[in-house]
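Residue numbers (numbering that gives the first Met the number 0), protein chains in the order written: chain A, 0 to 269; chain B, 0 to 312; chain C, 0 to 324.
By construction, these hints were calculated from the structure, which means they are not laboratory data. Backbone N, C-alpha and C fix where the C-beta goes; we use that ideal spot for every residue, glycine too. Just so you know, not all the hints are guaranteed correct.
Stated by the list, open to error - With beta-carbon atoms standing in for the labels, derived distance ranges:
(1) B:TYR14 <-> A:PHE125: 54 to 60 Å
(2) B:ARG109 <-> C:LEU55: 49 to 55 Å
(3) B:GLU284 <-> C:MET0: 25 to 31 Å
(4) C:GLY30 <-> A:SER261: 43 to 49 Å
(5) C:GLU197 <-> B:SER41: 45 to 51 Å
(6) B:GLY15 <-> C:GLU197: 39 to 45 Å
(7) A:GLY15 <-> C:PRO119: 58 to 64 Å
(8) C:LYS238 <-> B:VAL252: 15 to 21 Å
(9) A:SER261 <-> C:MET0: 48 to 54 Å
(10) A:ILE80 <-> B:ARG109: 50 to 56 Å
(11) B:ARG254 <-> C:LEU55: 38 to 44 Å
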Amino acid sequence: MRRLKVVDSLSLTWLGVLFLAAVILPLVIAFDTETMSSAQRLAGPSADYWLGGDNYGRDLLARALAGARVSLGIGFGSVAIAALIGVPLGMLAGYLRGAVDAVISFVVDVVLAFPGLVLALALASFLGASIQNVMIAIIVPMTPVFARLAKAQTMAVSGREYVEASQVIGTPTRSIVWRDVLPNILPPILAYAMVNVGTAILIEGGLSFLGMGVPPDQPSWGSMINQGRVFISEDPRLVAVPSVFMLLTILGLNLLGDRFLSGNDKAGVR
Amino acid sequence: MTDPVFTLENGYVRYGGGHPDAVSGVTVRLHKGEILGLVGESGCGKSTTARAMLGLVPLNEGHLTLHGAPVGPNDKRLRASVQAIFQNPAASFNPKRSLLDSVAEPLRVRGIKDRRRRALEELDRVGVTEAMAGRRPYEVSGGQAQRAAIARATILRPEVLVCDEPVSALDVSIQAQILELLAELRTEQGLAMLFISHDLGVVASLCDRTAVMYAGKVVEQGAAPDIANRPRHPYSVALQDAVPSLDLADDHVPRVRTRAVTDDVDGRTLPGCRFSALCPFATDECATTPPPLDELSPRHEVACHHPFAPLHH
Amino acid sequence: MTLLSIRDLVVEFPTPAGVVRAVDHVSLELGFGERLGVVGESGSGKSVLARTAMGLTRKGPARISGEVVIDGRSILGLSERGRRALWGREVAMVFQDPLSALHPITPIGAQIAEAVRRDPSVKKEQAAKRAVELLEIVGIPQAARRAKSRAHELSGGMRQRVAIAMAVAGRPKLLFADEPTTALDVTVQARILDLFDELCREFGIGIVMVSHDLGVVGRHTDHVAVMYAGRIAERGPVKAVFARPSMRYTSALMAAIPSHRAERQTLPKPIPGSPPNLLAPPPGCRFAPRCAFATDRCGTEQPTLTELSGGHEYACWHPGQEAVR
Ligand SMILES: Nc1ncnc2c1ncn2[C@@H]1O[C@H](COP(=O)(O)OP(=O)(O)OP(=O)(O)O)[C@@H](O)[C@H]1O
Ligand SMILES: Nc1ncnc2c1ncn2[C@@H]1O[C@H](COP(=O)(O)OP(=O)(O)OP(=O)(O)O)[C@@H](O)[C@H]1O
Ligand code: SF4
Ligand SMILES: [Mg+2]
Ligand SMILES: [Mg+2]
Numbered sequence: 000m001r002r003l004k005v006v007d008s009l010s011l012t013w014l015g016v017l018f019l020a021a022v023i024l025p026l027v028i029a030f031d032t033e034t035m036s037s038a039q040r041l042a043g044p045s046a047d048y049w050l051g052g053d054n055y056g057r058d059l060l061a062r063a064l065a066g067a068r069v070s071l072g073i074g075f076g077s078v079a080i081a082a083l084i085g086v087p088l089g090m091l092a093g094y095l096r097g098a099v100d101a102v103i104s105f106v107v108d109v110v111l112a113f114p115g116l117v118l119a120l121a122l123a124s125f126l127g128a129s130i131q132n133v134m135i136a137i138i139v140p141m142t143p144v145f146a147r148l149a150k151a152q153t154m155a156v157s158g159r160e161y162v163e164a165s166q167v168i169g170t171p172t173r174s175i176v177w178r179d180v181l182p183n184i185l186p187p188i189l190a191y192a193m194v195n196v197g198t199a200i201l202i203e204g205g206l207s208f209l210g211m212g213v214p215p216d217q218p219s220w221g222s223m224i225n226q227g228r229v230f231i232s233e234d235p236r237l238v239a240v241p242s243v244f245m246l247l248t249i250l251g252l253n254l255l256g257d258r259f260l261s262g263n264d265k266a267g268v269r
Numbered sequence: 000m001t002d003p004v005f006t007l008e009n010g011y012v013r014y015g016g017g018h019p020d021a022v023s024g025v026t027v028r029l030h031k032g033e034i035l036g037l038v039g040e041s042g043c044g045k046s047t048t049a050r051a052m053l054g055l056v057p058l059n060e061g062h063l064t065l066h067g068a069p070v071g072p073n074d075k076r077l078r079a080s081v082q083a084i085f086q087n088p089a090a091s092f093n094p095k096r097s098l099l100d101s102v103a104e105p106l107r108v109r110g111i112k113d114r115r116r117r118a119l120e121e122l123d124r125v126g127v128t129e130a131m132a133g134r135r136p137y138e139v140s141g142g143q144a145q146r147a148a149i150a151r152a153t154i155l156r157p158e159v160l161v162c163d164e165p166v167s168a169l170d171v172s173i174q175a176q177i178l179e180l181l182a183e184l185r186t187e188q189g190l191a192m193l194f195i196s197h198d199l200g201v202v203a204s205l206c207d208r209t210a211v212m213y214a215g216k217v218v219e220q221g222a223a224p225d226i227a228n229r230p231r232h233p234y235s236v237a238l239q240d241a242v243p244s245l246d247l248a249d250d251h252v253p254r255v256r257t258r259a260v261t262d263d264v265d266g267r268t269l270p271g272c273r274f275s276a277l278c279p280f281a282t283d284e285c286a287t288t289p290p291p292l293d294e295l296s297p298r299h300e301v302a303c304h305h306p307f308a309p310l311h312h
Numbered sequence: 000m001t002l003l004s005i006r007d008l009v010v011e012f013p014t015p016a017g018v019v020r021a022v023d024h025v026s027l028e029l030g031f032g033e034r035l036g037v038v039g040e041s042g043s044g045k046s047v048l049a050r051t052a053m054g055l056t057r058k059g060p061a062r063i064s065g066e067v068v069i070d071g072r073s074i075l076g077l078s079e080r081g082r083r084a085l086w087g088r089e090v091a092m093v094f095q096d097p098l099s100a101l102h103p104i105t106p107i108g109a110q111i112a113e114a115v116r117r118d119p120s121v122k123k124e125q126a127a128k129r130a131v132e133l134l135e136i137v138g139i140p141q142a143a144r145r146a147k148s149r150a151h152e153l154s155g156g157m158r159q160r161v162a163i164a165m166a167v168a169g170r171p172k173l174l175f176a177d178e179p180t181t182a183l184d185v186t187v188q189a190r191i192l193d194l195f196d197e198l199c200r201e202f203g204i205g206i207v208m209v210s211h212d213l214g215v216v217g218r219h220t221d222h223v224a225v226m227y228a229g230r231i232a233e234r235g236p237v238k239a240v241f242a243r244p245s246m247r248y249t250s251a252l253m254a255a256i257p258s259h260r261a262e263r264q265t266l267p268k269p270i271p272g273s274p275p276n277l278l279a280p281p282p283g284c285r286f287a288p289r290c291a292f293a294t295d296r297c298g299t300e301q302p303t304l305t306e307l308s309g310g311h312e313y314a315c316w317h318p319g320q321e322a323v324r
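Please model the complete structure; the sequences and the hints are all you need to start from.
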């Protein structure tokens with residue numbers, strides 16, 4: 000095992016703590032994200048409210064953590080779905096080539112002809128604001144990107160001698176794709192997926208900020224920024240807290256993704 | 000002469016993209032207990048011939064036969080009887096799996112039991128210890144990986160082995176070990192082999208017969224010592240001349256000097272003999288009529304209008 | 000006059016698993032217009048030796064001691080800038096893979112002209128003319144037209160010629176060639192090697208050629224150094240060494256080479272075992288574990304170079320031409 004650099008451990012620590020606090024902790028103790036206390040309205044950090052209160056006097060930290068659950072859920076969830084659809088399609092296109100490839104690549108090209116963010120915006124505004132619709136708006140433009148990456152990787156790997164060796168042995172195609180191709184294309188795809196979780200969180204934030212994403216009654220980082228921006232001159236904390244959470248999370252995911260890719264380059268590709 | 004075990008009859012392979020045929024009208028016949036060497040310059044179509052025989056590229060014309068009966072490229076009998084060894088030993092194994100796993104794979108595919116023991120036995124036979132067997136392909140030396148590749152190819156007791164430059168990536172000392180192993184397979188298991196190499200010394204010392212390819216066609220074929228010492232096609236002569244001999248007392252002058260050409264000519268596009276642009280003996284006939292592969296003497300075939308004979312030139 | 004003199008060179012690479020001594024007390028000499036072949040198994044240190052002698056091995060990852068003198072100038076003490084000034088003008092290198100040495104987009108003529116212009120007194124127009132001349136010298140047909148081609152438009156043999164033209168553009172005195180023909184087929188290889196011979200004869204360039212092909216070295220060099228596990232196993236005039244290989248590794252190596260003029264199938268004799276692990280090399284003679292003639296002494300005591308005849312030296316306790324008992 001190679002030594003992790005300081006930034007990698009920092010990224011890991013942040014994501015780990017966030018995961019524990021936002022996903023595991025609520026299973027043990029209930030966060031109070033809704034009680035409005037007029038005393039805490041726009042109040043600064045205190046022993047009770049570590050990051051202070053928002054414009055309704057709700058606990059800002061509790062809301063940021065609840066927002067983390069929504070944002071991370073949307074981020075990981077939509078990327079997982081996009082990858083689960085896109086990667087198999089890309090592998091089919093890359094391994095079988097021919098007509099299968101032509102059809103899949105055509106669809107991929109059509110979807111990718113629209114800029115991703117514009118497509119997400121259009122879908123979100125058409126479908127209406129809900130968590131499920133935000134995910135659809137993220138998944139649709141992201142799936143073909145995974146398909147394209149998987150296709151390129153599959154084509155590279157399936158030209159390798161060990162795939163030909165398996166063919167000669169008589170290994171069925173299903174088995175070649177599963178045992179020879181998939182494990183060898185997975186590292187770059189995972190790295191890319193990690194970076195894309197960051198992108199998904201960013202898109203979710205953007206949509207929610209514009210009021211087209213997560214409805215305001217459910218806290219997400221985007222919707223919190225959206226609500227806080229009215230008070231930006233009075234108390235920038237309302238925008239700063241969810242923004243910093245989002246920034247650190249996306250940065251951490253990107254750094255780890257890069258690291259994962261370069262670490263795997265050394266060992267795997269020989 | 001016994002009937003061949005496995006043949007490629009008059010095979011043509013076109014990769015498309017407007018390129019001329021990579022292989023045009025090649026016939027290769029492999030006999031039990033015999034190794035056929037295949038030599039020729041880079042890009043002449045040796046690997047393509049091997050890949051066509053393994054069913055890895057489709058034939059545009061021609062067909063394969065196994066014991067005289069035609070077989071398709073995806074036929075189960077082909078997979079069971081014809082196995083392969085490739086040039087780059089480490090790259091011919093999945094980097095995520097141990098050598099043992101990969102060697103046992105042919106058994107797994109066919110649902111054969113007792114895989115681990117049989118794979119270890121086969122590996123032991125080619126000189127790979129149990130400790131080595133558990134390693135990944137990039138964790139062992141090239142020689143060890145190539146031994147494992149041989150074990151994988153022979154574990155199902157095939158009749159035919161197609162070897163595409165199996166020793167090119169190895170050091171001479173290790174190369175000699177692998178050649179010994181292949182020679183053993185020929186005599187002990189009666190394997191028929193196609194052995195591709197660019198090293199004429201290796202071919203002369205291992206093979207029974209040699210075929211010389213030029214620009215997608217077989218131009219000469221015969222007993223290995225004859226091709227090594229008494230080649231008749233001008234290209235074969237030029238090829239033998241070019242080998243730097245280790246015997247420093249052997250001070251021969253080149254017998255055939257190819258013509259200096261002003262530009263790259265693709266022999267594949269010439270209407271007559273494909274070597275005619277470079278051949279010092281070429282006549283008008285050579286430029287217009289492709290020479291057929293004719294038997295000059297028993298079991299020595301040459302495709303040339305003016306075969307080289309040391310006394311006449 | 001000596002052109003290249005290597006004295007007691009040691010090159011070590013500290014790695015997490017231990018120190019790899021890739022070159023172990025090597026001394027060699029080469030005169031003007033002479034050709035030296037360096038042969039040996041993969042990992043025996045041939046490339047590291049050549050690269051270090053050229054000043055290409057970086058001091059950071061490597062520990063270097065000993066001395067390398069090219070035409071009276073000590074190389075190892077030079078600064079990065081000092082070495083750069085030398086490359087191309089005094090020494091040049093031809094690599095195994097010419098594509099890596101050529102720029103993918105710049106036309107080859109322009110690349111050679113650039114190399115010519117490392118001599119500041121040469122004008123631009125002159126350089127372009129000289130580039131075409133160089134292409135003619137290395138035997139590229141229609142040189143003026145070809146000068147406009149890019150590397151990927153050329154065949155492997157032509158690329159290697161271009162790489163050679165570039166290497167000799169600055170009129171170096173010494174040329175290192177690391178497996179210059181390994182990627183080429185024999186007919187093309189023969190032409191490249193003839194070209195090297197010509198450069199030596201006509202311009203008095205000294206050539207150090209690294210190769211694993213004994214035939215190539217036997218035919219196209221004057222002196223040979225056989226390396227095993229970082230050390231010189233045997234060296235001397237190539238004819239003498241090949242006629243009477245004495246260190247048992249050299250003998251075994253020669254016996255492992257198949258003859259292309261065999262009248263009967265005669266398999267070459269393999270060398271048993273595999274090359275030593277440089278992290279923990281055998282204490283005595285490095286070849287002892289694989290040698291058919293090794294005695295207890297071989298396992299404990301390092302043999303030193305002993306002269307057999309005019310410049311022919313070997314390092315072996317039980318010298319002889321046989322490889323197997
Ligand atoms: N996948 C491919 N697609 C298109 N052309 C190809 C492909 N593979 C090979 N070719 C072309 O087919 C011809 C024959 O190639 P092949 O690999 O069979 O030659 P070879 O004799 O094995 O050469 P080498 O000695 O370099 O391995 C060459 O001109 C080559 O460029
Ligand atoms: N930068 C490096 N760091 C660590 N070890 C190195 C480094 N460069 C070379 N070595 C080691 O030094 C030894 C000699 O390597 P070298 O490349 O000189 O071998 P070679 O004789 O040229 O082999 P080949 O015929 O395969 O080219 C090898 O064991 C190699 O692993
Ligand atoms: S047929 Fe003619 S051109 Fe072809 S090799 Fe023979 S003599 Fe040369
Ligand atoms: Mg090939
Ligand atoms: Mg080297």
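Results for each hint:
Taking the beta carbon of each, TYR14 (chain B) and PHE125 (chain A) are about 47 Å apart, not inside 54 to 60 Å as hinted. The beta-carbon spacing between ARG109 (chain B) and LEU55 (chain C), approximately 52 Å, falls within the hinted interval of 49 to 55 Å. For GLU284 (chain B) and MET0 (chain C), the hinted distance range of 25 to 31 Å is not satisfied, since their beta carbons lie about 57 Å from each other. Here the CB-CB span from GLY30 (chain C) to SER261 (chain A) is close to 47 Å, well matched to the stated 43 to 49 Å.
Taken as a hint, the range 45 to 51 Å is violated for the pair GLU197 (chain C) and SER41 (chain B), whose Cβ atoms sit roughly 24 Å apart. Taken as a hint, the range 39 to 45 Å holds for the pair GLY15 (chain B) and GLU197 (chain C), whose Cβ atoms sit roughly 42 Å apart. Take GLY15 (chain A) and PRO119 (chain C): their Cβ atoms lie about 60 Å apart, and the range 58 to 64 Å holds. Our hint of 15 to 21 Å for LYS238 (chain C) and VAL252 (chain B) holds, since their Cβ atoms are close to 19 Å apart.
SER261 (chain A) and MET0 (chain C) have their C-beta atoms about 50 Å apart, which keeps the hinted 48 to 54 Å range intact. For the pair ILE80 (chain A) and ARG109 (chain B), the supplied restraint of 50 to 56 Å is violated, since their beta-carbon distance comes to about 38 Å. Taken as a hint, the range 38 to 44 Å holds for the pair ARG254 (chain B) and LEU55 (chain C), whose Cβ atoms sit roughly 41 Å apart.
In the structure shown, a violation is registered for the earlier hints numbered 1, 3, 5, 10, in ascending order.
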